[in-house]
Amino acid sequence: MLAFIGRSVIQKIVTLFFVSVVSFAIIHIAPGEPSQVDPLNPKFTPEMVQRFRQAFHLDRPLYEQYALFYRDLLSGRTLSWKDSQPVLAKIWERFLNSLPLFVVGTLITWTVSFPVGVRSAIFRGGLYDRSATLISYVLISIPGFFFAYLLIIFAVNRFQVPVIGIQTFGLTEAPWLFRLNDRLWHLLLPSLLGATGGIAVLSRYVRSQMLEVESQDYVRTARAKGLPWEMVHYKHALRNALLPFVTMFGLILPGLIGGSVIIESIFSWPGLGRLAYEAILARDYPVILTINFIAAVLVLAGTFVSDLLYVIVDPRIRL
Amino acid sequence: MSPEPASPAAYLEAPSRPKRTRFQEFWRLFRRNRMALAGLAVFALFFVMAVIGLALTSGSRPLLDPARVRLPEKLLPPLSTPHHPLLAPGEEPVLGVYLCGTDDLGRDVFARMLQGAWVSLTVGFVAVGISVAIGIVMGGLAGFYGQRRIRLEQLLVTAVLLAGAGILAAGRRPLGAAVLIIGHAWLFWSISPWGLRRRRALPAGLGFLRRDTLMVDTLIMRFVDIMLCFPSFFLILTVVALLPASIYTIMIVIGLTSWEGTARFVRAEFLALREQDFVAAARALGVSNLRIIFRHMVPNAVAPVLVSATIGIASAILTEAGLSFLGFGVPPPHATWGNILSDGKRFIFDAPWLTFIPGAAILIVVLSFNLFGEGLRDILNPRSRERN
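Listed in order, the protein sequences are those of chains A and B.
The first sequence runs contiguously to residue 319 in my numbering.
The second sequence runs contiguously to residue 388 in my numbering.
I should point out that these hints are in silico values taken from the structure, not numbers from a laboratory.
We treat Cβ as the ideally placed atom computed from N, Cα and C, and that holds for glycine.
Honestly, I wouldn't trust all of these hints.
Some chain B residues judged to face chain A by a derived CB distance under 10 Å, without partners named [to be verified]: (1) Arg31; (2) Leu40; (3) Ala44; (4) Phe46; (5) Cys229; (6) Val239; (7) Ala314; (8) Leu341; (9) Phe349; (10) Pro352.
With the C-beta cut set under 7 Å, the calculated list includes, among others, these residues of chain B facing chain A [stated by the list, open to error]: (11) Ile130; (12) Ile134; (13) Val137; (14) Ala241; (15) Leu242; (16) Ala321; (17) Asn370.
Ranges between beta-carbon positions, derived for each pair [said to hold, decoys possible]: (18) B/Ala41 with A/Phe123: 22 to 32 Å; (19) B/Arg148 with A/Tyr310: 27 to 37 Å; (20) B/Trp27 with A/Arg130: 15 to 25 Å; (21) A/Pro228 with B/Arg148: 49 to 59 Å.
Take the sequences, apply the hints, and build the full model.
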């Protein structure tokens, strides 16, 4: 077990190193330079550009830039090129905005997909199963921005509530219950949109896992010895079908930083996705690279956690 | 009455062909899956529309001009007729009616949708073509030659070449060129007959160069792991934003960032097929490796690739639409479904057709690809075939 942990940690660190090299290379080898971002601006004299290049080490060779950048990143001193704010503080602030979306979205995903998937599996081939299948394909296929506008039109016309932004502007005087209600309305649509893809995929997966277990011999035995219907499905089948989903707790980790760019731009939600989008537009390399680095760390940590959980949960797996 | 074979021996000698060919069997199963059939039908319709649309909307004097601005006619709902007195001659729509309405500049949305269909189609197919090609090569290498080890000298040559390219890119021309020349010289020496002959007689001190290091499989699969660490839409967005905007950039970038799944499938299939008897038989007959790969293994490994390619087309179309929606991608006068919707979103309550028509079109096309792909998966996978 310890050997497994040690081996995979070393492997992940090596992977992370290569990720950092590749992302750095992609960004710096691409044509154009951040100092040329606004060539028509009369304030950008050649001396300014020179000073800018010097201040951000852009005049050094690439490998030195790489070393300097990751030294700063690991010691937490990276500054944004756009406004000279510390990058980690900026990311943290936006992360706190994205977090409610992530939490509510994940809750919606898991609470909807499990009942739907289990029910489709139990009544396989029935009307419910077939319509759930079709709906999940529709949910996978619908472009997020189109669905967002459908929901906005629906919510605004039907319930007459404002939905864009984090909260309605200028409500600081209102009673707290009113403000809470307002926040919840603003939270609902973007997190629902974030959950659609997840609901579609996860409910299909629950269904196929459940079908897999239902065809096992011990379920047939349970049925044959005359156990009540719900006992067979929920006690014998469902409990064993749940096993692979424990590992999914690890795999949702990367979602923490993957705030959707499109949904956050539509709803003017100042989250991480927006930050990444603005950084890309402004060629703010430190922010782009830092977000990328954190995302890679989360992906690797997620797979690590899910491997570990799998070993802990399933006694059949030996290392 | 069926013709009896003359003798038992003749019966045994007669070639026992299967009653139905593989394609007939496939079609028989496919027809039973109504959703997949509907997907295929919609896909065929979309293909025809895109080709006709390309023919009607391109050229210097297109029949349906997607870029014709008619300011008096802006934001007309679908199926409305043009106000003839206001239009200059030659500005009237050919069909005599705006089938899908007009946008905020009075451009015919129907013509723009036709133009955008071709963009979606080509982006989907070219991007997936690129990713499948890379995936098959990478997965095939890892699956077939995976057990071979890479010698230290091969790694060193690669490192020297990469360093040369890096130094060149960093701006130090002479040094980079020198390193590149050294690397190439080394490479040519080691694959030239002269170098091959001399290999056995390396000087004693350089023997460590031939030490085995990594396995090919490890190298490729770790590379796949590295690629999977990047959040894909964010990566695509970054690269597309940094490179000059064009439709080809988008196709290539989507293709280059989405081959990992295919590579994994192909590798798994190849690892399983390598151990099969027919491959062993081919090897015993002295068939060359390349022929084994392309004649015997690829046709058997193609099923999961086909499925993931079909679903990959759907996701490539969605990605392109998302990029167009964010304002990257095809430059403005050219219409794509994503940027029709993006332009129309400002008039979402006054002119909802500008949102609904392209949105519904994307939804239907992507849905048809997904249904078709899932149908293929059910048919090509013998396990789920038995179950249903």
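Quiz prompt | chain A contact restraint for B/Arg31 - C-beta distance below 10 Å | solution = 18 Å, violated
Self-check item: Hint check, B/Ile134 versus chain A [nearest Cβ-Cβ separation less than 7 Å]
Solution: Violated. Min distance 16 Å.
Quiz item: Holds or violated: B/Val239 as interface residue toward chain A, Cβ cutoff 10 Å?
Solution: 7 Å, holds
Quiz item: Hint check: is the beta carbon of B/Ala321 less than 7 Å from a beta carbon of chain A?
Solution: 5 Å, holds
Quiz item: Given B/Phe349 as an interface hint, is the shortest Cβ-Cβ distance to chain A below 10 Å?
Solution: Holds, because the Cβ-Cβ distance from B/Phe349 to chain A comes to roughly 7 Å (cut-off 10 Å).
Quiz prompt | Hint check: 10 Å Cβ-Cβ cutoff, B/Pro352 to chain A | solution = 7 Å, holds
Self-check item: Status of the given 49 to 59 Å range, CB of B/Arg148 versus CB of A/Pro228
Solution: 58 Å, holds
Quiz item: Going by Cβ atoms only, is B/Phe46 closer than 10 Å to chain A?
Solution: 13 Å, violated
Self-check item: Hinted contact B/Cys229 with chain A - closest CB pair below 10 Å
Solution: Hint on B/Cys229: holds, closest Cβ of chain A at ~4 Å, below 10 Å.
Quiz item: Is the shortest C-beta separation between B/Val137 and chain A less than 7 Å?
Solution: 19 Å, violated
Practice problem: Tell me if B/Ala241 is really an interface residue toward chain A, meaning its C-beta lies closer than 7 Å to one of theirs. | Solution: B/Ala241 check passes; min Cβ-Cβ to chain A is 5 Å, inside 7 Å.
Quiz prompt | Status of the given 27 to 37 Å range, CB of A/Tyr310 versus CB of B/Arg148 | solution = For B/Arg148 and A/Tyr310 the Cβ distance comes to about 31 Å; the hint holds.
Comparing the model with each earlier hint shows violations of hints 1, 2, 3, 4, 11, 12, 13; every other hint is respected.
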